[in-house]
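Colleague: Residue-level listing of the chains:
2 protein chains.
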Amino acid sequence: MSKKVDFPVSDARRYLEPGPVVLISSRWKGSDNIMTLGWHSILEFTPSLWGAMISSGNHSHRMIRESGECVVNLPTADMVDIVSLIGNCDGESTDKFEEFGLTKTASAEVGAPGIAQCHASFECKLYDDTLVDSRNFFIFEIVKADVAERPAHPETLHYIGGGSFVTAGKVVPQKSLFTKVT
Amino acid sequence: MSKKVDFPVSDARRYLEPGPVVLISSRWKGSDNIMTLGWHSILEFTPSLWGAMISSGNHSHRMIRESGECVVNLPTADMVDIVSLIGNCDGESTDKFEEFGLTKTASAEVGAPGIAQCHASFECKLYDDTLVDSRNFFIFEIVKADVAERPAHPETLHYIGGGSFVTAGKVVPQKSLFTKVT
Numbered sequence: 055m056s057k058k059v060d061f062p063v064s065d066a067r068r069y070l071e072p073g074p075v076v077l078i079s080s081r082w083k084g085s086d087n088i089m090t091l092g093w094h095s096i097l098e099f100t101p102s103l104w105g106a107m108i109s110s111g112n113h114s115h116r117m118i119r120e121s122g123e124c125v126v127n128l129p130t131a132d133m134v135d136i137v138s139l140i141g142n143c144d145g146e147s148t149d150k151f152e153e154f155g156l157t158k159t160a161s162a163e164v165g166a167p168g169i170a171q172c173h174a175s176f177e178c179k180l181y182d183d184t185l186v187d188s189r190n191f192f193i194f195e196i197v198k199a200d201v202a203e204r205p206a207h208p209e210t211l212h213y214i215g216g217g218s219f220v221t222a223g224k225v226v227p228q229k230s231l232f233t234k235v236t
Numbered sequence: 055m056s057k058k059v060d061f062p063v064s065d066a067r068r069y070l071e072p073g074p075v076v077l078i079s080s081r082w083k084g085s086d087n088i089m090t091l092g093w094h095s096i097l098e099f100t101p102s103l104w105g106a107m108i109s110s111g112n113h114s115h116r117m118i119r120e121s122g123e124c125v126v127n128l129p130t131a132d133m134v135d136i137v138s139l140i141g142n143c144d145g146e147s148t149d150k151f152e153e154f155g156l157t158k159t160a161s162a163e164v165g166a167p168g169i170a171q172c173h174a175s176f177e178c179k180l181y182d183d184t185l186v187d188s189r190n191f192f193i194f195e196i197v198k199a200d201v202a203e204r205p206a207h208p209e210t211l212h213y214i215g216g217g218s219f220v221t222a223g224k225v226v227p228q229k230s231l232f233t234k235v236t
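Residue numbers (our numbering), protein chains in the order written: chain U, 55 to 236; chain B, 55 to 236.
These are computed hints drawn from the structure, not numbers from a lab. Do not rely on the hints blindly, as some may be mistaken.
Where chains are identical, the list cannot tell them apart; a pair therefore holds if satisfied intra-copy or between any two copies.
As the list claims (entries may be wrong) - The calculated SDA-like cross-link candidates involving lysine to any residue, where the alpha carbons are at most 25 Å apart (straight line), are:
1) 234 to 202
2) 224 to 115
3) 57 to 160
4) 224 to 181
5) 229 to 159
6) 58 to 184
7) 224 to 171
8) 234 to 146
9) 224 to 132
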């Protein structure tokens with residue numbers, strides 16, 4: 055567990071835009087939960103907006119909808135077993151923090167806890183619920199970000215369906231071909 | 055250029071869920087354009103829905119909005135120079151197919167052409183424009199998919215900002231830990 059430091063929320067895309075599987079932690083009515091999620095996208099730099107399709111079949115859906123908050127945690131590739139298992143058990147009957155030996159961290163801006171073992175945590179508040187009823191699509195504002203100081207580019211997990219992931223992490227610098235770098 | 059074959063639209067997540075940079079091709083009023091895009095998410099299996107934040111500052115935004123169609127093309131890691139350059143020139147003054155030596159393929163369901171050099175092409179029709187005005191967020195239905203037969207898991211590009219990409223492609227099978235595989 056590398057020490058995390060404050061990170062600019064407008065740069066959250068560095069970790070979320072590549073499309074990793076993330077672990078979403080939530081708190082509602084005194085209980086905490088975690089779910090895995092792969093259907094998400096950065097939507098804006100400032101405010102720092104991030105959208106996610108959270109199926110209503112997940113226990114977390116109601117917890118996040120009612121509390122209006124969650125934390126997006128970025129697991130690294132070495133956590134692949136935990137990530138798989140979290141996605142294959144039910145938060146209504148399982149305390150996933152306890153079951154998988156994960157450590158809660160106190161958040162600064164939301165009630166939901168972060169996950170200490172993850173590389174980064176992004177605290178989120180529900181910002182636009184226009185598509186929640188029709189498509190289970192939540193738009194959040196990332197209000198606080200904490201990222202481990204090392205490594206600069208962790209190996210991450212990207213789900214491809216069928217119980218398989220691909221990993222990403224090898225950096226290809228292309229700045230010389232960019233006229234304006236965003 | 056590997057031969058592409060018809061692919062089930064409900065399985066588009068295999069290529070798009072990992073979060074690669076994609077090349078969006080569009081056709082409107084007799085001209086064709088290409089843009090790079092990294093802000094997108096799978097939203098549903100059936101119908102096969104895919105959402106993308108297409109900034110109104112891009113020439114493609116209006117072309118896609120007016121035509122209601124586009125093709126999502128998946129470039130492989132060896133195309134990193136072309137991907138970078140396409141993202142750094144303007145479609146209003148540049149014919150990007152000609153400039154970068156890309157070959158158009160005829161689409162089956164939409165007017166916009168695909169890009170032969172890409173690993174896969176997903177033909178899209180605008181399905182839900184609720185968030186187009188407010189957030190430039192388009193929801194498309196993928197109506198036709200064509201994927202190269204080999205390799206099964208191409209190396210893909212994932213943008214992290216600052217002119218750099220990370221690559222993904224190494225498969226980690228975890229099916230034994232999944233109780234229900236989706």
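Colleague: Each hint: holds or not?
Modeller: Now the hints, each set against the structure:
1. In this assembly of identical chains, residue 234 and residue 202 lie within 25 Å of each other by CA distance neither inside one copy nor across copies; the values are 28 Å within and 33 Å between.
2. Proximity of residue 224 and residue 115 under a CA criterion of 25 Å is satisfied in neither setting, with 33 Å inside one chain copy and 31 Å between copies.
3. Taking identical chains as interchangeable, the C-alpha atoms of residue 57 and residue 160 lie at most 25 Å apart only when both belong to the same chain, with a minimum of 14 Å there against 52 Å between chains.
4. Neither within a single protomer nor between protomers do residue 224 and residue 181 lie at most 25 Å apart by alpha-carbon distance, with minima of 33 Å and 35 Å respectively.
5. In this assembly of identical chains, residue 229 and residue 159 lie within 25 Å of each other by CA distance neither inside one copy nor across copies; the values are 36 Å within and 30 Å between.
6. Within a single copy, residue 58 and residue 184 get their C-alpha atoms no closer than 33 Å, and across copies no closer than 38 Å, so neither meets the 25 Å cut-off.
7. In this assembly of identical chains, the alpha carbons of residue 224 and residue 171 lie at most 25 Å apart whether taken from the same copy (22 Å) or from different copies (23 Å).
8. Taking the closest pair of Cα atoms, residue 234 and residue 146 come within 25 Å of each other only across two copies (17 Å); inside a single copy the shortest separation is 48 Å, beyond that limit.
9. Taking the shortest Cα distances, residue 224 and residue 132 sit within 25 Å of each other both inside one copy (15 Å) and across copies (14 Å).
Figure legend: structure checked against the earlier numbered hints; hints not met, in rising order: 1, 2, 4, 5, 6.
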